[in-house]
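**Q** Read off the chains here:
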Amino acid sequence: MFTKFYYTLKDFGIPVSFNEWQLLLEALEAGMAGSSLTGFYYLCRAVLVKTEAHYDRFDQAFASFFGDIETPEGLPEKIWEWLDKELPEMEVSEAMRANHQQLDLEELKRMLEERLAEQNEEHHGGNRWIGTGGTSPFGHSGYHPGGIRIGGNTRSLSAVKVAGMRKYQEFRTDETLGVRQFQVALRKLRQFTTRLDGARTELDLEATIDKTCSNAGRLELVWERPRENGIKVLLLMDSGGSMVSYSRLCNQLFTAVNRSNHFKDLKIFYFHNCIYDWLYHDPSCSLTDYTETDYVLKTYDSDYRLIIVGDASMSSYELMRAGGIIEWGLYNDKPGIDWLRRMRQHFEYSVWLNPIPKNYWNWMEGTFTISKIAEIFPMESLTVEGLETAINKLRSRQAVQV
Amino acid sequence: MARKAVDYKGSSDYIVSDELRNSVNIAIALQKPLLIKGEPGTGKTMLAQSIADSLGLKLIIWNIKSTTKAQEGLYVYDTVQRLYDSQFGESDVSDIKKYIKLGKLGEAFLTSDPVVLLIDEIDKADLEFPNDLLWELDQMSFYIPETRETITAANRPIVIITSNAEKELPDAFLRRCIFHYIAFPDPEGMEKIVAVHHPRLEKRLLEQAMETFYMLRSISNLQKRPSTSELIDWLQALVIGGINPNKIKQDLPYLGVLLKKNEDLDIILNQLHGKAQSRVQNAKGSFNRYRY
Ligand SMILES: Nc1ncnc2c1ncn2[C@@H]1O[C@H](COP(=O)(O)OP(=O)(O)OP(=O)(O)O)[C@@H](O)[C@H]1O
Ligand SMILES: [Mg+2]
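Listed in order, the protein sequences are those of chains A and B. Here our numbering is used: the first residue of the first sequence is -16, the next is one more, and so on. Here our numbering is used: the first residue of the second sequence is 865, the next is one more, and so on.
It should be emphasised that the hints constitute simulated quantities derived from the structure, not laboratory data. Hints are supplied without guarantee of correctness; some may be wrong.
What the hints assert, rightly or not - One-sided and incomplete, this derived list gives chain A residues near chain B with beta-carbon spacing under 10 Å:
1. LEU6
2. MET15
3. THR21
4. VAL32
5. GLN164
6. ARG170
7. LEU188
Said to hold, decoys possible - Here are the simulated SDA-like cross-link-like pairs (lysine to any residue), alpha carbons at most 25 Å apart as the crow flies:
8. B:LYS929 x A:GLY213
9. B:LYS933 x A:LEU188
10. B:LYS988 x A:GLU185
11. B:LYS933 x A:LYS376
12. A:LYS247 x B:LYS929
13. B:LYS929 x A:LEU188
14. A:LYS215 x B:SER930
15. B:LYS1088 x A:ARG231
16. A:LYS250 x A:TRP344
17. B:LYS961 x A:SER197
18. A:LYS171 x B:ASP987
19. B:LYS965 x B:GLN935
20. B:LYS1125 x A:GLN166
21. B:LYS873 x B:ALA1059
22. B:LYS929 x A:GLU185
23. B:LYS962 x A:SER197
24. A:LYS376 x B:PRO1009
25. A:LYS(-7) x A:GLU9
26. A:LYS250 x A:SER267
27. A:LYS171 x B:GLN935
28. B:LYS1125 x A:ARG170
29. B:LYS933 x B:ASP990
30. A:LYS194 x B:LYS929
31. B:LYS1125 x B:PRO1049
32. B:LYS1125 x A:ASN241
33. A:LYS247 x B:LYS933
34. A:LYS171 x B:LYS929
35. B:LYS962 x A:LYS247
36. B:LYS1088 x B:GLU1127
37. A:LYS(-7) x B:ARG1039
38. A:LYS194 x B:LYS1125
39. A:LYS(-7) x B:ARG1040
40. A:LYS(-7) x A:LEU8
Ideal Cβ placement from N, Cα and C applies to all residues, glycine included.
Model the full structure from these sequences, guided by the hints.
**A** Rendered as structure tokens:
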């Protein structure tokens, strides 16, 4: 039983290490959960969850797991049962996997029904689909608020109720957040130059003192090579018509990138729907103010981290055909997709950030071009979590398959 | 491993939610550092003071800055002073001990009574900083090679660590902490906090100010939402300014006390009055960069 709770947490995307799990057991044995499910809820959360971004997942996991328990006065039987049991196996056995999968199917069906019913009742803004999709086979909040009795003290809510309120929904990192969070994510994009090359320009105080001391006080200066972030960034942003709906989001990223002063170099260009011969200097993509894409490919070495931001949604001919460019009065000899491939081949560290949430990539008008482009560039959605994944990808060379 | 229950109950000048009190007691009992996150001004720093007051312990504060190194918390070997003394001083430079200055962590280990150690704003420091402290926080001891001494905590201090989420903290570090996110107080909780600071506030004024405050907070895309400390200052300003409570909502007096960013002021004025529209659009080019 306890094992199952462990796996429920995992399924909802909460990483729980062995040490933390053991600490929880210790705490339970020491009676720290008090005698209520609520105490148990707070104890588990304090010990197992290490970021507010996972509070919501935890609430969902908890609610889904305990949803069918009527809140009793004391610590529920179920928990005492667990305590008699062993630690969870850390390896997933084949049988377990099969079991889970079976469960999923049933769950999935039920969930679909529930969802449909729900969507008729109230408007959920689609967020729940986005929020839970993919992370979990139990990706639903299968609790039954109706079935929860609030026992005794009316002022304190039952744990399942608390969990069910999903207070921490807004902290989910897979939902879009502000400039600040983007900035935090961008800070991870750093790579210090080695101390092996470059001029020795920085006084190494410690070594100087050491040397001087061992010289019995005769001054000897020691110079060091400074360490600095060597990351250079090339940011290309789509400013085409269909991007209007994502303007706020893109602005946030734009601001965050601009404020990040830890890059050795930052170059920003704009394009309209797809990249062709020219890259523009400002978002209006005015035909008088551009740099040739060829020039960019020749001038910027492959060390530059290339971040492309765009919805990748366009008519198929804009991507696939010569002359497909959307601008009147312009013509492209090479189809856009060739340009994208060339970019990708040159910039080994590159990602594509798409403001369209991942779950919609298969359902939008742009599905065809999105999937084509995602074959060329690793594509992530433009959320904090997506940006973090993208940045991880930018830290190492990605195998280029174009 | 668990320590005998010391029960933190909150203190008269600090309002603590059941949730937070619970986490504090769990951390104390399990002898783990308590990592506190939360919006600016939600009482992260003050919590440590409150714990110290409530338990009658001394508080040692280690303020972290972007240049702080983990080593400084343990000890610093003042080689420069020693060099200086060897050249010009008359004191005995062979006694290295004299030149070892304990840092805040070292100090917390050496005091004979248990203390509360606050490591404030750990995220300000370098990414590696938390990792560099893993061993010392786990073992509550460290070694000074220069003097061949090991400093071990006589009593494990209660360690409170705050973070403003400027940087992510390393997983290895997180695994060793009890974590608590201070949720922004709901109006009921906020009234209690306000009462600590302004015990005799006119009811109507408080009501109107609170409604306005939460309304402002609910406006999305603010760069910095006003928080507890700003509300407290604002109430002060309203009282001193002799503002008519009925005017608060429509006039938004002293708005600058609540909102520190010009962009935010613009957004609010724009949303509430439809004024300043043109200003918003022109002032910051980036606002409309993508609208065509
Ligand atoms: N729970 C509370 N009870 C009483 N006063 C509070 C509480 N929370 C916040 N305050 C008030 O808000 C002020 C700011 O609190 P504090 O400095 O501890 O916040 P913080 O979270 O550390 O902020 P920062 O992230 O800016 O460091 C305090 O001086 C106090 O006046
Ligand atoms: Mg603080």
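**Q** Decide, hint by hint, whether the structure agrees.
**A** Now the hints, each set against the structure:
Proximity of LEU6 of chain A to chain B holds as hinted, the smallest CB-CB distance being about 6 Å (cut-off 10 Å). The beta carbon of MET15 of chain A is positioned within 10 Å of a beta carbon in chain B (closest approach about 6 Å), and the interface hint is therefore held. Restraint check, THR21 of chain A versus chain B: the minimum CB separation of about 9 Å is within 10 Å; hint holds. Against a cut-off of 10 Å between C-beta atoms, the interface hint on VAL32 of chain A holds, since the closest Cβ of chain B lies about 6 Å away.
Annotation: interface hint on GLN164 of chain A holds; nearest CB of chain B at approximately 8 Å, less than 10 Å. For ARG170 of chain A, the interface hint holds, since its Cβ comes within 10 Å of a Cβ in chain B; the closest pair sits about 6 Å apart. For LEU188 of chain A, the suggested interface contact is upheld, since its CB lies about 9 Å from the closest CB of chain B, less than 10 Å. Taking the CA atoms of LYS929 of chain B and GLY213 of chain A, the gap is about 23 Å. The hint holds against a cut of 25 Å.
As the CA atoms of LYS933 of chain B and LEU188 of chain A are separated by approximately 15 Å, the hinted pair is consistent with the 25 Å bound. Between LYS988 of chain B and GLU185 of chain A, the direct Cα distance comes to roughly 24 Å. Compliance with the 25 Å bound is thereby established for this hinted pair. With a C-alpha separation of about 29 Å, the suggested pairing of LYS933 of chain B with LYS376 of chain A is violated against the 25 Å cut-off. A C-alpha spacing of about 23 Å is found between LYS247 of chain A and LYS929 of chain B, which places the hinted pair at or below 25 Å, so the restraint holds.
Proximity of LYS929 of chain B to LEU188 of chain A is assessed by CA-CA distance (about 20 Å); at most 25 Å being required, the pair is judged to hold. Distance check on the hinted pair: LYS215 of chain A and SER930 of chain B sit about 23 Å apart at the alpha-carbon level, within 25 Å; holds. For the hint linking LYS1088 of chain B to ARG231 of chain A, the alpha-carbon distance of about 16 Å falls within 25 Å, and the restraint holds. The straight-line distance between the Cα atoms of LYS250 of chain A and TRP344 of chain A is roughly 28 Å, outside the 25 Å bound, and the hint therefore fails.
Distance hint between LYS961 of chain B and SER197 of chain A is fulfilled; the C-alpha atoms sit about 18 Å from each other, no more than 25 Å. Taking the CA atoms of LYS171 of chain A and ASP987 of chain B, the gap is near 13 Å; set against the 25 Å cutoff, the hint holds. Proximity of LYS965 of chain B to GLN935 of chain B is assessed by CA-CA distance (about 11 Å); at most 25 Å being required, the pair is judged to hold. Between LYS1125 of chain B and GLN166 of chain A the alpha-carbon distance is near 17 Å, which keeps this suggested pair within the 25 Å criterion.
A C-alpha spacing of about 18 Å is found between LYS873 of chain B and ALA1059 of chain B, which places the hinted pair at or below 25 Å, so the restraint holds. Between LYS929 of chain B and GLU185 of chain A, the direct Cα distance comes to roughly 22 Å. Compliance with the 25 Å bound is thereby established for this hinted pair. For the proposed pair LYS962 of chain B and SER197 of chain A, the alpha carbon gap of about 19 Å is at most 25 Å, so the pair holds. Simply put, LYS376 of chain A and PRO1009 of chain B have alpha-carbon atoms about 41 Å apart, too far for the 25 Å limit, and the pair is violated.
Taking the CA atoms of LYS(-7) of chain A and GLU9 of chain A, the gap is near 20 Å; set against the 25 Å cutoff, the hint holds. Distance restraint check for LYS250 of chain A and SER267 of chain A: the Cα-Cα separation of roughly 17 Å lies within the 25 Å cut-off, and the hinted pair is therefore satisfied. Annotation: proposed proximity of LYS171 of chain A to GLN935 of chain B holds, straight-line Cα distance about 23 Å (limit 25 Å). Between LYS1125 of chain B and ARG170 of chain A, the direct Cα distance comes to roughly 23 Å. Compliance with the 25 Å bound is thereby established for this hinted pair.
Distance restraint check for LYS933 of chain B and ASP990 of chain B: the Cα-Cα separation of roughly 8 Å lies within the 25 Å cut-off, and the hinted pair is therefore satisfied. Between the alpha carbons of LYS194 of chain A and LYS929 of chain B the distance comes to roughly 29 Å, so the proposed pair goes past 25 Å and is violated. For a cut-off of 25 Å, the pair hint linking LYS1125 of chain B to PRO1049 of chain B stands: about 22 Å separates their Cα positions. Straight-line distance between C-alpha atoms of LYS1125 of chain B and ASN241 of chain A comes to about 18 Å, which keeps the hinted pair within the 25 Å bound.
Under the criterion of a C-alpha separation no larger than 25 Å, the hint pairing LYS247 of chain A with LYS933 of chain B is consistent with the structure, at around 24 Å. Using a Cα cut-off of 25 Å, the hinted pair LYS171 of chain A and LYS929 of chain B holds, with the two alpha carbons roughly 18 Å apart. Our distance criterion of 25 Å between C-alpha atoms is broken by LYS962 of chain B and LYS247 of chain A, whose separation comes to about 43 Å. Only pairs whose Cα atoms come within 25 Å are accepted, and LYS1088 of chain B paired with GLU1127 of chain B is accepted, the gap being roughly 10 Å.
The straight-line distance between the Cα atoms of LYS(-7) of chain A and ARG1039 of chain B is roughly 16 Å, inside the 25 Å bound, and the hint therefore holds. Among the hinted pairs, LYS194 of chain A with LYS1125 of chain B is inconsistent with the structure: their alpha-carbon atoms are about 50 Å apart, more than 25 Å. Simply put, LYS(-7) of chain A and ARG1040 of chain B have alpha-carbon atoms about 19 Å apart, close enough for the 25 Å limit, and the pair holds. For a cut-off of 25 Å, the pair hint linking LYS(-7) of chain A to LEU8 of chain A stands: about 17 Å separates their Cα positions.
The structure is inconsistent with the numbered hints 11, 16, 24, 30, 35, 38, although it conforms to all the rest.
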